[in-house]
Every structure is written in C-alpha cells, then in structure tokens.
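*Asks:* Residue numbers for the sequence shown, in the working numbering: 1 to 263.
The set of hints was computed from the structure by calculation and includes no laboratory data. A few of these clues could be false.
[As the list claims (entries may be wrong)] Taking lysine to aspartate or glutamate pairs in the DMTMM-like style, the calculated list, with each CA pair at most 25 Å apart, reads:
| id | residue 1 | residue 2 |
| --- | --- | --- |
| 1 | K113 | E146 |
| 2 | K188 | D170 |
| 3 | K107 | D134 |
| 4 | K12 | D121 |
| 5 | K106 | E14 |
| 6 | K130 | E14 |
| 7 | K190 | E218 |
| 8 | K190 | D108 |
| 9 | K256 | E218 |
| 10 | K190 | E146 |
| 11 | K256 | D162 |
| 12 | K107 | E146 |
| 13 | K12 | D98 |
| 14 | K130 | E156 |
| 15 | K190 | D98 |
| 16 | K164 | D134 |
| 17 | K130 | E88 |
| 18 | K261 | E218 |
| 19 | K188 | E218 |
| 20 | K188 | D108 |
| 21 | K12 | D108 |
| 22 | K107 | E156 |
| 23 | K188 | D162 |
| 24 | K188 | E146 |
| 25 | K113 | E14 |
| 26 | K107 | E14 |
| 27 | K188 | D98 |
| 28 | K113 | E88 |
| 29 | K106 | D134 |
| 30 | K261 | E238 |
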Amino acid sequence: CSLQAGLAVLLKAERLFHSSYHSQAVHIRPVCRVSAGSAPSLNTPKENPKPPCHKGSHWFSQLPCDGFTVAAYLFLVQDASCLAVSWELRQTLTVVFDFFSSGQGKKDWSLFKMFSRTLTDTCPLASQSKVYVDISPKNKEKELLEVSPPPTSVHEAVVQGDRKTYAVYDLLSPSLFNTSRSLNVQLKWKRPQDSSEMPIPTLYAQRYVGGYGLQTGEICTLIYNTHPYRAFPVILLETVPWYLRLYVHTLAIITKGKENKPS
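Work out the full structure, taking the sequences as your base and the hints as a guide.
*Replies:* Written as structure tokens, this is what we have:
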C-alpha cells in the first residue's frame with residue numbers, strides 16, 4: 001500500500017520536522033453542488049465541487065491553535081438558485097527547505113535531497129496528481145537552469161502581479177514512468193553559482209521577541225511589501241504555545257509609521 005501512496009510517500013516525518021519551516025492547515029468551506037437551471041440529469045457524470053454559487057455565502061472561522069479554545073462561526077446565506085450545498089475539506093502542508101544556506105550556497109536541489117525519497121507511483125484514487133516546479137526567470141533574463149526529467153507540460157500564471165512559469169509533472173501521465181518507476185525531480189544550474197544572496201520575495205515577514213517578563217515582553221511581527229506600487233490583502237495567523245499569555249488590549253498595528261487601531 002505504501003508504494004501506491006502517490007505524493008504522500010514524500011511525507012517523511014524525520015525530514016519534514018527538521019526543515020526550516022513547516023505548517024499544516026485545514027480549510028472547510030461551503031460549495032454549491034447543484035444550482036437551478038443546471039441540475040444534472042441521470043446520465044450526467046459527477047463533477048468536482050465548484051466555488052460557492054453566490055456571493056452571499058460567507059464562511060468565517062478560526063483555526064485551532066495548540067492550547068487555545070477557539071470558536072468557529074458559520075454564516076451561510078444561501079441563494080434560492082442553489083439547490084444543494086456540499087462541504088469542501090482541504091488539507092495543506094507547507095514545508096520550507098533552505099538548501100542555499102545549509103548547502104554552502106548551492107542552489108541545486110532534488111526530491112531525494114529534500115525528502116530522502118522519490119515518487120514511485122500514483123495514488124489509484126486520485127483524479128489529479130501533479131508536481132509544479134517554479135522555473136521563472138529572474139530580472140527578465142533566462143536563467144541557465146535545467147530541470148530533469150523533462151516536464152510533461154509548462155504552465156504560466158500571474159502571481160501577486162508577477163508572471164510565473166512552472167514546469168508541470170503530471171503523475172497520471174503514462175509516459176512519465178515509462179523509463180523508470182522512480183521519479184526524482186531535480187533542478188540544476190548550468191553556470192557556476194555565485195554566493196550572492198537570494199532575491200527578496202514580494203511579500204515576506206519577520207518575527208522577533210522583545211523586552212522581558214510579563215511587563216515589557218512583546219512579540220513583534222514585521223510584514224514587508226516590496227512591490228513598487230501594488231498593495232495586497234494579508235491574513236496573519238499567529239501560533240503561540242499554550243503557556244504564553246497574550247493580552248489583546250495591548251495589540252498595536254503600525255503601518256507607515258501610523259498606528260491603526262483594530263475595529
């Protein structure tokens with residue numbers, strides 16, 4: 001069974017929890033399964049859940065944190081055209097490996113180097129199973145990088161105002177596992193690598209602890225937007241241990257040197 005786990009075969013706890021950063025999340029939202037005028041017939045195959053059918057459908061929730069008792073509130077205003085509502089469950093895992101710092105300035109990486117495993121097969125229950133590799137050029141110049149094996153397709157998208165190029169590996173494609181039953185996606189630079197710093201992302205954050213004790217102790221989170229003219233909506237979720245007592249009335253939000261009082 002473990003050989004047919006698909007992408008889940010990469011979830012090796014020893015490697016994930018020894019990374020530079022990891023985060024797990026669970027998202028639940030209502031989606032319109034059947035709407036008036038588009039009710040499926042008996043011969044119509046079922047499709048994947050679509051986004052909410054009406055702008056009046058709202059989902060407000062607070063994800064649980066370790067040691068905290070949080071409440072979840074659901075306000076669902078269903079339009080008359082929506083005949084059936086389903087619930088979509090989405091689980092995400094974000095892991096950051098800093099091989100540029102730990103690998104003596106080398107930018108090369110591979111699935112085996114990160115997870116100590118390779119992809120051996122697809123999950124037989126999955127309708128989609130893909131791996132995306134960001135191969136976007138830097139400073140509008142084509143980087144001399146090479147991904148192997150060759151991707152099944154290339155996808156372009158606009159992310160935070162920047163055009164991104166992704167190499168796509170469709171694990172359900174029969175040609176992907178023809179030569180070998182093991183897929184180890186690798187990225188290598190063709191030219192000698194310099195020791196310059198990595199480019200600063202458009203949005204990034206820093207957090208540090210200041211003061212001492214319960215009287216002057218504080219947690220400071222700095223969020224930076226390096227885009228020359230565009231603003232972005234930001235949702236900040238702070239995760240703190242259960243034994244750390246926070247006082248909400250001391251919350252201060254400062255933007256461009258001006259304090260914004262929470263509403």
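*Asks:* Which numbered hints does this structure break?
*Replies:* The structure conflicts with hints 7, 19 and 28, although it agrees with all the remaining ones.
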